[in-house]
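With chain A held as given, fit chain B onto it using these hints.
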Amino acid sequence: MEISRTATLITGASRGLGEALALELGRQGARLVLVSRHGAALEPVVHRIRDAGGEAHALEADIGSKDAIYPLAAAATALVGPIDLLIHNASELGPTPLRLLLDTECEDLERVLAVNLLGPFRLSRVIAGSMALRERGTIVHVSSDASVNAYSHWGAYSVSKAALDHLSRVWAVELGERGVRSFSVDPGEMDTAMHAAALPDADRSTLAQPSVIAARLANVIRSTSIANGARIELSSTGAQS
Amino acid sequence: MKPATRPRARGERERLLVIDPTADGFGEYSIDDLPQFLAKGDALVLNDAATLPASLRAGPELEVRLMSQLEGNIWLALCLGRGDHRMPTEERGTPPSLVVGSELSFGYGLSARVCRVDPDSPRLLEIEFQQQGAPLWQALYRAAAPIQYAYLSEPLALWDVQNAYAARPWAVEPPSAGKPLRFETLFRIAARGIALAHVTHAAGLSSTGDPALDARLPVAERYEVSEESAARLRAIRDNGGRIVAVGTSVTRALESASASGTLRAGSRHTDLRLGPGSKLRFCDGLLTGLHEPTTSHFSLLEAYAPRALLDRSFRHAERAGYLQHEFGDSCLILKGALTQEVDSIRTHAA
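Protein sequence lines, in the order shown, are assigned to chains A and B. Be aware that the first sequence starts at 1, since it is given in the working numbering, and climbs by one per residue. Be aware that the second sequence starts at 1001, since it is given in the working numbering, and climbs by one per residue.
Among the clues, some could well be false.
One side of the interface only, derived from the structure: several residues of chain A facing chain B at Cβ under 7 Å [what the hints assert, rightly or not]:
| no. | residue |
| --- | --- |
| 1 | 54 |
| 2 | 57 |
| 3 | 59 |
| 4 | 70 |
| 5 | 74 |
| 6 | 75 |
| 7 | 77 |
| 8 | 78 |
| 9 | 82 |
| 10 | 133 |
Read the hints as simulated data drawn from the structure, not as lab findings. Computed from a predicted model, the values in this text were never measured in an experiment. Note that CB positions come from ideal geometry on N, CA and C, so glycine has one too.
Pulled out of the complex, with its shape left as it was, chain A reads as follows (with noise of 0.2 Å):
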């Protein structure tokens, strides 16, 4: 799809592969609507995108509170139009160190779902009628590895993931018709602070750049060439990039 002058909306933007995603759009020309949970820490981004003469605007919302949705759902159309790129990026580990299964409290689990799982449910219910009315839309979930392969401590974030893949994809076969596409992407492992929450003795200098994962994504994005419904690992794209 065409990026530039685009309604968009992104979750999880103030830091790591959000705000590299939101400056990377923003230098395409999209019209930006950004969230977090901590309204001043995208004020910081917003103002680059503007500096650079894009537009966005910040919002703050958790997206694991039902009640937070419509509102923001909402006042992103109002700011932008209807919105025609959603990226669900916003995304929680639960408690770090992580934990084993048989020792995550049920209340954590049921937390980790809440923002990675029903969060982009709810927000793309909200947002999806609108692209299936108007036959046109792009949904991306931003998953993991951790969605397809099972390692010991990351129980609760990796299923949140893999449900978050498949949710991606029954929204790909019920909308494809209407003109909506659907994917999620597997980023690989980048230099953010939840990187460095989960594994904190990682080497740095193995891990990718978030702006160079978000210039991928903005590839697959544009991109008319992927399948509905996709899974994409961003790592092994590179050569196209």
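Using the frame of chain A, we list chain B on its own:
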């Protein structure tokens, strides 16, 4: 007719009264039967406006209801006095008198300044919000609640007043004709070769509690027909397809946009009133809720069907226990909907 006193529960049956002016008759169906009354080549036109929380409180003595966005941060607004939505609007207290320059504080960092008081009614104001952009929208959604009336038993949540396909928050009351439409039904309609099209119309207040002000409803409301929708609907019309409006707001938008004889794209305000004797230029049919025969809404129905037939159909609906208002049952007014001949028209249109 009895009002629906709450949003429908999941799976609850929603009734559809089909009124056919050609057959001079009516029939009883379910909303899930809607696709069978439309034919390949027709269009179903939806109002994709989302509904704002448009009720703001500035203390116990003053409720401000947003009526229509005039320009930028300036809104036409209605003042109501002591009481809340559980009290019939006409029984609400007299609001404090406001003058140009009065500051209104709604909490959550949202405030407005009065910039005009209507010369005929001190309850009708133009107010300008002091915030803008993202801070305005965030504060509005924190401070305001959906407008609701005394026949509803419980406070409404924001999702109670949204249609499944809503996008920009332009409406101050729900364009409720679309409320019973589930995507299961909409996708079945699309699969039959019927176009799903949309306009955006800022559906306004249905009641002010003051007969003199009610007589001025609907006030000028903003609407938009995109280039894409206009071209598509013109082509459908030119090919003999029928245009079925979902809601009186869609009728007003399409009839306003085609006042020159051809449907024009664009974003404008309209104060068009339709009623008995109005000639519809663009719309052939209407899917709508059921409302009191005294309202401007009912008057618009008379542009689609003769009063005698409407009266007869609605008397039956009342006896048969149909429910009225925004969470009530539906009615489709469409010429030929119930006649055999329509099949040949459909075949021809196909």
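Notebook entry, point to check: Tell me, which hint numbers fail for this structure?
Noted result: 1
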